[in-house]
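Colleague: Given next are the chains, with one letter for each unit.
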Amino acid sequence: MTTNPPSLNKTPTGITGLDEITGGGLPTGRATLICGGPGCGKTMLALEFLVRGATQFREPGVFMMFEENAKELTANVRSLGFDLDKLEAKKKILLDHVVVERSEIEETGEYDLDGLFIRLGYAIDSIGAKRVVLDTVEALFSGLMDHAALRAELRRLFRWLKDRGITAIITGERGEGTTTLTRYGLEEYVADCVITLDHRVDEQISTRRLRVMKYRGSAHATNEFPFIIGERGFSVLPITSLQLNHKASPERITTGIARLDEMLGDKGVYRGSSVLVSGSPGTGKSSIGAKFADTTCRRGERALLFAYEESPAQVLRNMSSIGIDLAPWLKKGLLQIHASRPTMQGLEQHLVTMHDTVLAFRPSVVIVDPISNLTLDRTEAEVKPTLMRLIDFLKQQQITSLFTSLTAGGSATELPEDSQVGVSSLMDTWLLLRNTEFNGERNRTIFVLKSRGMPHSNQVREFVLSDAGIDIVDVYPGADRVLTGTARVAQAATERAAAELRAKDHERKLRQLASKRKAIEAQISALKAQEEAEAAEVNFAIAEQSLQIRTAAQDSEAMAHLRDRTSSREKPRKEKR
Amino acid sequence: MKARKPAAFELRLYVAGQTAKSMAAFANLKRICETHLAGQYRIEVIDLLKNPQLAAGDQILAVPTLVRRLPEPIKKIIGDLSNEERVLVGLDVQPVKA
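Residue numbers (this note's numbering), protein chains in the order written: chain A, 311 to 887; chain B, 0 to 97.
Just to be clear, a hint being listed does not mean it is correct.
[Said to hold, decoys possible] Listed next, with one range per pair, are the computed distances between beta-carbon atoms:
hint, chain 1, residue 1, chain 2, residue 2, range
1, A, Met654, B, Arg85, 52 to 60 Å
2, A, Asn379, B, Val88, 25 to 33 Å
3, B, Val88, A, Arg526, 44 to 52 Å
[What the hints assert, rightly or not] Result set (DSS-like, lysine-lysine): computed pairs, CA atoms no more than 30 Å apart in a straight line:
hint, chain 1, residue 1, chain 2, residue 2
4, A, Lys557, A, Lys760
5, A, Lys557, A, Lys694
6, A, Lys381, B, Lys74
7, A, Lys472, B, Lys49
8, A, Lys320, A, Lys472
9, A, Lys826, A, Lys838
10, A, Lys320, A, Lys400
11, A, Lys381, A, Lys396
12, A, Lys381, A, Lys401
13, A, Lys320, A, Lys396
14, B, Lys49, A, Lys400
15, A, Lys401, B, Lys49
Hints were generated in silico from the structure; no laboratory data involved. The C-beta atom is built at its ideal place from N, Cα and C for all residues, glycine as well.
Based on the sequences and whatever the hints tell you, model everything.
Modeller: Structure, rendered in structure tokens:
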């Protein structure tokens, strides 16, 4: 008996997500039990393990099947892009069909399963296999009667495999209503690692889930994980996306609508952030999404649109009616549109599909239109973790995401904010589109309810869709209410008219003033003239008087002088003055 | 053992080396054939350890396995053949009252 090494070696499976969940893969040299109900995908998982082992990890494998379905397996594997026939020819895979025909067998005494051992050993040696799948070993139980001997032999088989260092997968069918995992209690022998697959149908939608029930000697994720079997084989959504450690980029990107960027702190949204555009029907949410995609492609970056309501052709047609032409981006390969009905698969399956598509296409922007369809009929408790995984995953990839969501038709009683509470906490930016009804018409308004990390406008603006594209116009804060649409236009006209009138009034007043001024000026000049005249008169009078005075003075002087001269010849008279 | 006329029963016994079960099976088989199929049988012993590829080719799981190849249809009997009745039923042989 070989002693077990202290650290467990793991064999990578190459299956998307499974290696992350198991912390490296399946236990090397041990047997793993995969159990589940019929149609869960056990055989596919085992087969993919083998095929990837042969192609990616250079480990040939033997697939020992107890049912006749080699053709089916080959077809299934071909859809994943692997050619089983070629692999067989290259001796990387060996398919061995063991026939256990109950009717053919008569048990007549003691026996052991050495035939099987020899057969398996031969198969393993012939291609140097390191991996083996036994699908499904329970067929032996239905073929052979002596179950006690069979159990002993199975124990021996697993020891035999372990001694050879073969990593094996055993598939087992889940028992109906039994307390054991498998119908025949295989998990007792295969104690090292047990993975259960589940295929539930909930409200007509089927969900596939995987769970690592047991992994001896290793830490493993014990939750259930959704998976899909898609074009690239098994895809399990791993746990790493739930770590909240993504980077926050300071880069801002434009939404494609200039005035909307203005409302968002003048620069637009942060790269890698999540944007929610919610609103009642017909408010233009998809248009914003399409414009965002258009702008992204214009910059030369890739955009991925998940459309859950319209076909790609319809999206193109509808968006071209408002001047957004997405066709050239599709041709150039910068835009991909994935359309499907949300009811086609469960929410988790959609998530896995999105995950795979994003990893394959590597866009910088992802738009999901609408997300409300996916979350239809589900409780918040179910929706939130799944959306959280998606958003965390996108943020880790630094992908900017835009989600549109349909809220109930804007009734006055239900605030649109209330209906989105669960989802909105995951979003960095929330744009709310509303219909306002006034005076016989409904117009669209938009406002920024929240936008983390930036100053944003708190004003409601009118959102206008036209041939020329999307435009955001200031609403008119009227006397008692905000006016949009034709009311706005009417009001604008009225105010223009009023302004003109005022202007005219102004002019008139100015003219009046001018004429008054003239009149006053005329008066002033008249008064001035009068004043001058009077002044002149006064001056004249003064001048006259002073002349008189001067003349009188001169005369008296002359007279005095004369008197003086005459008195010198006569006797001076006494002059009394 | 060669019969003088063409053997009606062609039997193959698959063993995996010389184990107790294999030896017992062979001994039992000889005895049964002699008793009930005297002169009409042919036994071939195949050691899977020497010819492992035949385990797949002939779909042999258990050891020892006795395969009745002729007359058709093929019948498989597993075990050491200690239960004579079941062997006869399996081979579809009318027991000769001994």
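Colleague: All hints are to be evaluated individually against the structure, with a verdict given for each.
Modeller: Going down the list of hints, with the structure as the test:
1. The supplied range of 52 to 60 Å is met by Met654 (chain A) and Arg85 (chain B), whose beta-carbon atoms lie about 55 Å from each other.
2. Look at Asn379 (chain A) against Val88 (chain B): about 32 Å separates their beta carbons, and that is inside 25 to 33 Å.
3. Between Val88 (chain B) and Arg526 (chain A), the C-beta spacing of about 46 Å keeps the proposed range 44 to 52 Å intact.
4. Simply put, Lys557 (chain A) and Lys760 (chain A) have alpha-carbon atoms about 21 Å apart, close enough for the 30 Å limit, and the pair holds.
5. Using a Cα cut-off of 30 Å, the hinted pair Lys557 (chain A) and Lys694 (chain A) holds, with the two alpha carbons roughly 22 Å apart.
6. Only pairs whose Cα atoms come within 30 Å are accepted, and Lys381 (chain A) paired with Lys74 (chain B) is accepted, the gap being roughly 27 Å.
7. Under the criterion of a C-alpha separation no larger than 30 Å, the hint pairing Lys472 (chain A) with Lys49 (chain B) is consistent with the structure, at around 24 Å.
8. Between Lys320 (chain A) and Lys472 (chain A), the direct Cα distance comes to roughly 14 Å. Compliance with the 30 Å bound is thereby established for this hinted pair.
9. With a CA separation close to 18 Å, the supplied pair Lys826 (chain A) and Lys838 (chain A) stays within the 30 Å bound.
10. Only pairs whose Cα atoms come within 30 Å are accepted, and Lys320 (chain A) paired with Lys400 (chain A) is accepted, the gap being roughly 26 Å.
11. With a CA separation close to 14 Å, the supplied pair Lys381 (chain A) and Lys396 (chain A) stays within the 30 Å bound.
12. Pair hint Lys381 (chain A) plus Lys401 (chain A) holds up; C-alpha atoms about 18 Å apart against a cutoff of 30 Å.
13. Our distance criterion of 30 Å between C-alpha atoms is met by Lys320 (chain A) and Lys396 (chain A), whose separation comes to about 28 Å.
14. Simply put, Lys49 (chain B) and Lys400 (chain A) have alpha-carbon atoms about 26 Å apart, close enough for the 30 Å limit, and the pair holds.
15. With a C-alpha separation of about 22 Å, the suggested pairing of Lys401 (chain A) with Lys49 (chain B) holds against the 30 Å cut-off.
The structure is consistent with each of the numbered hints, conforming to all of them.
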